[in-house]
Amino acid sequence: MTETTVPTREGYRIVGRSPAHHDFADKVAGSLLYAADWQLPGMLHGKVVRAQVPSARITAMDVSAARALPGVVAVLTAADVPWNQIVEHASGGLGELAVAMPVLAADRVRYQGEPVALIAAVSPQAAEEAAELIDVDYQDLPGVFEVEAALEPGAPLVHDEGNLLVTWNIGGDAAEVDAAMAAADLVVEGAYRTQRVEHAYLEPEAGVGWVETGGIITLRVATQVIEHAGAIAAILGLPANQVRVISSYMGGGFGGKEDMTVEPYLALLVWHTRRPVRLVFERQESLLATTKRHPFVMRYRTGVRRDGTIVAQDVDIVGDAGAYPYLSARVLFAACVCASGPYRVPMVRHRARAVFTNTPPTSAFRGFGAMQVTFAYEQQLDRVAAALGLDPVAVRERNFLAKGDAIPTGERLDTAVAVGECVRRALDALGEPPRPSGPGRRVGRGFAANMQPYGRTMWFRDRAACWLSLEADGSLQLRSGVTDLGGGQAASLAQIVSEILGVPLGEIGVHIGDTALTPPAGGTFATRQLYMSGNAALAAARELRARLLPVAAALLGTAEDDLVFEDGMVRPPGGSRGLRLAELAAACHQRGVPTSHLGTWYAPTGAFDPASGQGSSFPDYTFGAHAADVEVDLETGQTRVLSYAAAHDVGRAINPLRVEGQIQGGAYQGIGYALGEEIVLADGNATSTLLANYLMPNAVDLPDVRVVVLESGEGKGPFGARGIGEPSIANAAATIANAVAAATGARVTQLPITPERLLGALDALAVETDTVEGGPHAS
Amino acid sequence: MTDGDKQRVSFTVNGEAREAWVFPHESLLDVLRDAGCHEVRYGCGEGVCGTCTVLLDGEPVSACLLFAVQAEGCSLLTVRGLAQGAAQPGEPHPLQASFLRNGAAQCGFCTPGMLLTAWALLRREPHPTRERIRRELCGNLCRCTGYSKILDAIEDCRQP
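Chains as they are written, first to last, in the numbering used here: chain A, 1 to 779; chain B, 1001 to 1160.
Rather than coming from a laboratory, the hints here were simulated on the basis of the structure.
Here a beta-carbon is modelled for each residue, glycine too, at the ideal position from N, C-alpha and C.
Sample of chain B residues at the chain A side, in silico, Cβ under 8 Å:
(1) Tyr1042
(2) Gly1043
(3) Gly1045
(4) Glu1046
(5) Val1048
(6) Cys1049
(7) Val1079
(8) Ala1105
(9) Pro1112
(10) Leu1141
(11) Lys1149
SDA-like mimics (lysine to any residue), calculated; alpha carbons at most 20 Å apart, straight line:
(12) A:Lys403 to A:Ser616
(13) B:Lys1006 to B:Val1022
(14) B:Lys1006 to B:Arg1033
(15) A:Lys403 to A:Thr309
(16) B:Lys1006 to B:His1025
(17) B:Lys1006 to B:Phe1067
(18) B:Lys1006 to A:Gln125
(19) B:Lys1006 to A:Gly71
(20) B:Lys1006 to B:Glu1026
(21) A:Lys403 to A:Pro604
(22) B:Lys1006 to B:Val1069
(23) B:Lys1006 to A:Ser123
(24) B:Lys1006 to A:Pro124
(25) B:Lys1006 to B:Ala1020
(26) B:Lys1006 to A:Val122
(27) B:Lys1006 to B:Gln1070
(28) B:Lys1006 to A:Glu129
(29) B:Lys1006 to B:Arg1018
Which stretches of chain B does chain A cover? Using the computed rule of at least three CB atoms under 8 Å from a CB of chain A, they are:
(30) 1088-1101
(31) 1126-1137
This is chain A alone, in the form it adopts within the complex (with noise of 0.2 Å):
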């Protein structure tokens, strides 16, 4: 087995500990900046006017009172956007239907929340009561609101151009896996349906634009990615150097603000009244319209040898793409990837596809369709494990990928895969099993596995750029175009230029996120910074000091091999006397060289042939499991989760104290979505907008995740490091679900795994045991 711990923190002086950098410092002092906390003067409040149906013909609008109101400096319609259009090409040309998204509906509204008309006002109170006086007639349209219906012939289309986005096959043909299906000793079948929820940062959608000297549109915006600033100077008709996008530090993303969310209103109101603006989201209107996680609908059958072998996995899944394409080819693409797990199987045919409803969009959301597959591979094989009367570790072990391993597109895995030992230190960690803790109560283990990707999809071609500059003083200056979620994604970037040069990190100043002034990199989503930026930070600290290292060498005469760069000076070794690095950058610029350098880092490439669904998909893979004990009440059905545990390969852990608090948080979002978050719609109306009603778990909801860190060394980023943004969310909904059969024998295949579902699978199973044993089910 190659799965063994490697000891890592030798040999680093900062990479592998844990310093509180400038972000966090701010944050506990409550001096950080958001989106929302830009005041300029003579600002304008923004507001956007949204559909209050989910589907309609918009067939007259009247902005006149509205623009009559005192206070009221702007009303835009569809009607004054100069290109109308956000342009997604999620599936980067690959095959997803092309269909237009408009900034504001026109003529046809297609999910309830779609924004029909903006308002720039003096006051918020004003541009609220603006709100109020638009009057739009619309006529109603027969809408589709779930995946199944929106597929049967006939049913009404959300886009003319019809319903269904995208389809993915990867691996073989149908009656290639017929036939192993037939070979085998027992066939499992399984569906199984997840839900929409919601990212629920705490910081809602947020930014304040202004036109900056020379009539650039400036916005200074929480989003992911600045790099929409191409995307919004072609909604306003200007060149892509007269948009200017600045990423505040945000209060939370999870991929909820990695398409645009304020940016073109925002941009648009700017425009039109050449004033500053703010636009911030109200919560209810984020919970209304802004784009959820994709409800999946998915069909398994597996089949297996009489010891637990996998032989063949067909496997179909629906996702729930709502009213417009945003990323849907893409999150469906990596459920298609990852529909099997960490599994080894020999014979697999996965599709997936993403169909259209009249309901809010659905896009990027931490573990990206490789999540909600998760709940289906790992229950699937817990069924096996039971219809064999096999142990649940023992069927997974007979089956974990290993390094070398092809998966399901034809790729092999080239670096370490540490699954088992994931499972063995999860479910180690959990300790002695508990006791129910009264009469009616059951107490069950459950865990489970899983692999999700760090990186873009390979046929993107992904870069990073990073820019270093050594002052005269000494201090460095690190310019990303990185932007930080909270996750300490620029931070991260200072610890690694700080390992190679020496800086001290006090002394490098951390710029970020600006499309102006920063190099690109590309955007903070796929778990892909630490990879993407962390090697071009790491390029661009080596290539620097490349270039100090022979200047150095002749001022101290020494070889350059032996030089250490520490504590902020250059030393050779074991010797006391060296030099500071402002007597380097001084030496530099008196022999004219540069102390400044830009660094860009290229990710592999690889094509993907969605006729045969073989070729590349990601630069790979970042393995975990999560184990949990649970107690249910057998009379209330409620579920509580009593302790839990979480395991991941990280590769290396850069700063460990953030790597534990990804995996933390990640275990704590996927048991909320476990057990109660849903975004509840009606015939695609929502049945609340209010956060109270979103049941997100509080400080009392859970107990504290343990936190297994493996380090293989063997990760794609800086120092062997993996990404582990997304990776932790993926295992809890299938943990809690085994955990909850261990207790019942009862399977809830639906989430979230409420009372009343629960209860529900306990009646059903009483029936099913009355009829096999022919008695009343024991409980």
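With chain A fixed as given, assemble chain B onto it according to the hints.
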């Protein structure tokens, strides 16, 4: 409503006297933010998330659920006032230092509210159990950390 409907309200923020003319329907949150207290944050406007927590005469309240006029004559503390109790000027309050040490902030949006709720708890009860701290934090949501490191940080500040 016209400016004639405005009322004068005076209170102190972090020990400093403040006076404002406000409409009777204006929330304390909006008035504080307009006055430059951006560390008091809008997260939901329903009193659910706790990001607008301030201490009103020493007790945590959601500023979004109070009218500004209700704060008349009161003493308000925001997170920027916490460090006034630190041993040295410019140093963080021990609770803030503990949050830094324990990695108890990620995105930081909930952090001021968490700190204030914890501060009020520790003043009332110097040695709360972990379960007691959990219950006290019920009104302050965090979406990033899973709460464990926040609990660690508060436990670290209990009196022995």
